[in-house]
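Could you build the full structure based on these sequences and the hints that come with them?
In order, the protein sequence lines correspond to chains H and V. All residue numbers in the first sequence are consecutive under my numbering, ending with 159. All residue numbers in the second sequence are consecutive under my numbering, ending with 137.
A hint or two may mislead.
Stated by the list, open to error - A few chain H positions that, by computed beta-carbon distances, are all more than 12 Å from chain V:
| no. | residue |
| --- | --- |
| 1 | G9 |
| 2 | D48 |
| 3 | D97 |
Said to hold, decoys possible - List time: in silico SDA-like cross-link candidates among lysine to any residue, alpha-carbon distance up to 25 Å:
| no. | chain 1 | residue 1 | chain 2 | residue 2 |
| --- | --- | --- | --- | --- |
| 4 | H | K40 | V | R13 |
| 5 | H | K40 | H | D124 |
| 6 | H | K96 | V | R18 |
| 7 | V | K102 | H | M89 |
What the hints contain is simulated information worked out from the structure, not anything from laboratory work. Computed from a predicted structure; not experimentally measured. We treat Cβ as the ideally placed atom computed from N, Cα and C, and that holds for glycine.
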Amino acid sequence: MDIMRQALGAMNQGSPHARALGIETISIGPEGSVLRAPYKPEMVGDPDTGVIAGGVVTALLDHACGQAVHTALEQFTTIATLDLRIDYMRPAEPGKDIFARAHCYKATRSVAFVRAVAYDTDPDDPVAAAQAAFMLDSSAGRGFGANLKPAKKPVKGRS
Amino acid sequence: MTPSEQLQTVLERIPYARFLGIRAELAGDEMTAILPFGEHLIGNPMLPAIHGGVLGAFMEMTALAQLSVSEGQARQPRVIDITIEYLRSGRPLTTYARAQIKKVGRRIANVHVEAWQEQRAAPIAAMRGHFLVTPTT
Chain H
1 MDIMRQALGA MNQGSPHARA LGIETISIGP EGSVLRAPYK PEMVGDPDTG VIAGGVVTAL
61 LDHACGQAVH TALEQFTTIA TLDLRIDYMR PAEPGKDIFA RAHCYKATRS VAFVRAVAYD
121 TDPDDPVAAA QAAFMLDSSA GRGFGANLKP AKKPVKGRS
Chain V
1 MTPSEQLQTV LERIPYARFL GIRAELAGDE MTAILPFGEH LIGNPMLPAI HGGVLGAFME
61 MTALAQLSVS EGQARQPRVI DITIEYLRSG RPLTTYARAQ IKKVGRRIAN VHVEAWQEQR
121 AAPIAAMRGH FLVTPTT
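Structure representation (structure tokens):
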């Protein structure tokens with residue numbers, strides 16, 4: 001578990017966007033992963049109320065769901081989000097950190113299914129709930145730097 | 001203030017839109033949101049690919065901005081739910097998004113958004129969402 005925790009910590013640090021948001025993994029386990037995004041002034045979505053942007057909650061939930069998949073699988077594999085549905089139940093309280101608890105409840109050979117909630121104080125009084133599906137072994141045949149190469153289909157006007 | 005300036009002001013007032021670096025251009029009442037690539041948007045540094053959460057946040061912001069352009073809301077609409085479909089990996093390039101308001105009722109608006117990079121016909125992600133809109137009175 002400690003090795004897993006270190007690996008996930010490295011993943012948070014290694015993902016520039018997770019680092020920019022200050023996302024941290026608080027706990028991992030069979031019941032799921034808990035992650036935190038600290039409240040920061042630059043994360044505000046409504047300047048009139050100071051409520052954090054829905055997009056921050058989206059990014060945290062996506063990241064938490066992905067980590068829940070990694071912890072549920074025995075071997076490391078690359079994953080990609082297929083779809084993510086989020087219900088926003090109430091605005092987060094201004095000034096409070098946001099937590100996300102995600103649980104991968106089923107993984108087949110090619111797809112993993114995850115449920116998650118985001119909350120500021122109590123997981124039973126969530127800010128948002130999410131349901132996501134992930135493709136497993138998503139970068140099969142695409143190695144390091146694959147996205148730096150030109151797109152497969154030639155694009156007009158592109159050298 | 002022209003509608004275009006008004007839109008720019010709305011986006012500049014939102015700290016999170018500034019953090020991501022979102023801009024927008026208007027052609028009549030059709031808005032194109034623009035997200036220039038930045039290192040801080042990367043989710044997977046190996047490929048590298050833009051973080052899925054960033055694309056979701058960008059499309060959500062596009063829907064909110066389009067609603068403010070079309071409906072002239074006094075207050076920001078509230079997001080009720082969104083469904084994001086990821087179609088292609090987000091490459092380290094500028095991303096564009098356009099929103100279509102499918103219906104605005106008395107309380108709820110239904111909005112579809114598509115995001116693309118090099119080819120408009122090859123979207124990298126799509127979003128559908130419901131938003132709580134409040135009367136301007």
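How the hints compare with the structure:
1. The beta carbon of G9(H) is kept farther than 12 Å from every beta carbon of chain V, the shortest such distance being approximately 15 Å.
2. Look at D48(H): its CB is around 8 Å from the nearest CB on chain V, not clear of 12 Å, so calling it non-interface is violated.
3. Consistency note on D97(H): stated as away from chain V, and its beta-carbon is indeed over 12 Å from all of that chain's, at 16 Å minimum.
4. Proposed proximity of K40(H) and R13(V) is supported: the alpha carbons are some 15 Å apart, at most 25 Å.
5. For the suggested pair K40(H) and D124(H), the alpha carbons sit about 24 Å apart, so the restraint of at most 25 Å is met.
6. Our distance criterion of 25 Å between C-alpha atoms is met by K96(H) and R18(V), whose separation comes to about 21 Å.
7. Taken as a hint, the K102(V) and M89(H) pair is honoured in the structure, with Cα atoms around 23 Å apart against an allowance of 25 Å.
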